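Peer 1: Here is how the chains run, residue by residue.
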Amino acid sequence: MLKFTAEHEWLKLEDGVATVGITSHAAEQLGDLVFVELPEVGAELTKDGNAATVESVKAASDVYCPLDGEVTEVNQAIVDDPSIVNSDPQGKGWFFKLKLKNATDADALMDEAAYQDLIA
Amino acid sequence: MDDQTVLKTTPLHALHLSLGARMVPFAGYDMPVQYPAGVLKEHLHTRSAAGLFDVSHMGQVVIRAKSGAYEDAALALETLVPVDILGLKPGRQRYGFFTDDNGGILDDLMITNRGDHLFVVVNASCKEADLAHMQAHLTGCDVELLDDRALIALQGPRAEGALAALWPDVTSMKFMDVRDASLHDVDCIVSRSGYSGEDGFEISVPADQAEQIAKALLEDLHCQPIGLGARDSLRLEAGLCLYGNDIDTTISPIEAALEWAIQKPRRLGGARAGGFPGADRILGELANGTSRRRIGLKPEGKAPVRAHAKLYADAEGRTELGEVTSGTFGPSVEGPVAMGYVPTRFAEPGCQIFAEVRGKYLPLTVAALPFITPTYKR
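Protein chains in written order, with this note's numbering: chain P, 1 to 120; chain V, 1001 to 1378.
Hints in this document: simulated from the structure, not taken from any laboratory. Note that the structure is a prediction, hence the values are computed from the model and not measured. Heads up, the beta-carbon is just placed ideally off N, CA and C, and yes, glycines get one too. You can trust all of the hints, since none of them are fake.
If you want the footprint, here are the derived chain V segments under chain P, 3+ residues with CB under 8 Å: (1) 1031–1043; (2) 1299–1305; (3) 1327–1338.
Cut-off 20 Å, straight-line C-alpha distance, at most; resulting in silico cross-link-like pairs (SDA-like, lysine to any residue): (4) V:1302 x P:83; (5) V:1360 x P:43; (6) V:1302 x P:40.
Required output: the full structure, derived from the provided sequences and hints.
Peer 2: Okay, here's the thing in structure tokens:
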């Protein structure tokens, strides 16, 4: 199941674990990324708290945590090569995996159609 | 900036929109921050080929002595700027700055000897204040803002070729030369200078023919439009100051390491020593040094360290040294680059200091400026 936030993140949900990244729209708006900082594995994050930082030549931007949960895995590949986020934001450019505190929290997020309406 | 403010536009505004630019407010103008290629690619393109920048928001000003003599205009402007303007040869340009009574910097500018008058280019954000300042103090002169002209910068190793297609004589110009030029029968003023660290030109062109000239230059396959985003990363790699960030009224030219722009005739013992606002402080600092200096900074990691990051002597944030004034990721350096101010004893290249970024203290090395090797055609 794929869900979206108004902060332009996507979540792919499988067995209470969300793979989180930024949307194609967000990647395009940010421009070519040159730096990515990810949370520590094991970090307990809260909804709307700071989860990651991305930087283009021009500016730094925060990536917020979409839901409460614990970070179980991070994508070191985008730290080593931030351009992956631009070339494949909703695939190889994922940021981290989050074991959700309450799996049902995700139900309140947008589906793809609602997100497309938001950015239209 | 207040959202309600009506932004001004440059004569190239319609061209920017047609090229797909992302527009932002800058110094009261609606300006292109980037085109579809993006800041990173625009930056690299300028260093490898040629970039065309709209800098029409800057102020182009003519200073003409009422006597008609260049010398009178030069001596008048020397009362506001610590630069040898009398000794500037016709068709030559120099960098300078307006100073205030405290020895701070009111604005920086380019100054050209145009034979019987001076032509200066000032920053967009300061142009009204600069104009009022000059009109108030240059009493023997007529000071006129040329608001009917655009300014196009063409920068990079392919800039000469792109301009030569319109005006073959360009090849005989050297760095900081300024000439009248007829580009496809349009009367322009061309200088061989810029703000990128590359060889290149700034072309003053009548507003109603600016789009025609810009389009003609963009017909060169090596020439691409470049936004203000890449203009900023290019100038920072080149170690050039941005007024309002790296220099302002709280900083003296000597603290800013701009003493190279104060020629011998204006220094102590020179033929026309002093005689500009803040001369006592500035010439004193030139002789005795300053307690802080502008430096280059090379962050050791990959994280950009941006303007206003605090600088420390230690990794625990105990001894604060100063602040970063400009910082970004340098696409040509392939890493973060910054400038800032530190006490003079920390200003030696190789010195390690720390910057606070998101609660962490990141190591940086004090570095000689510029970060790239300029390719000016001397």
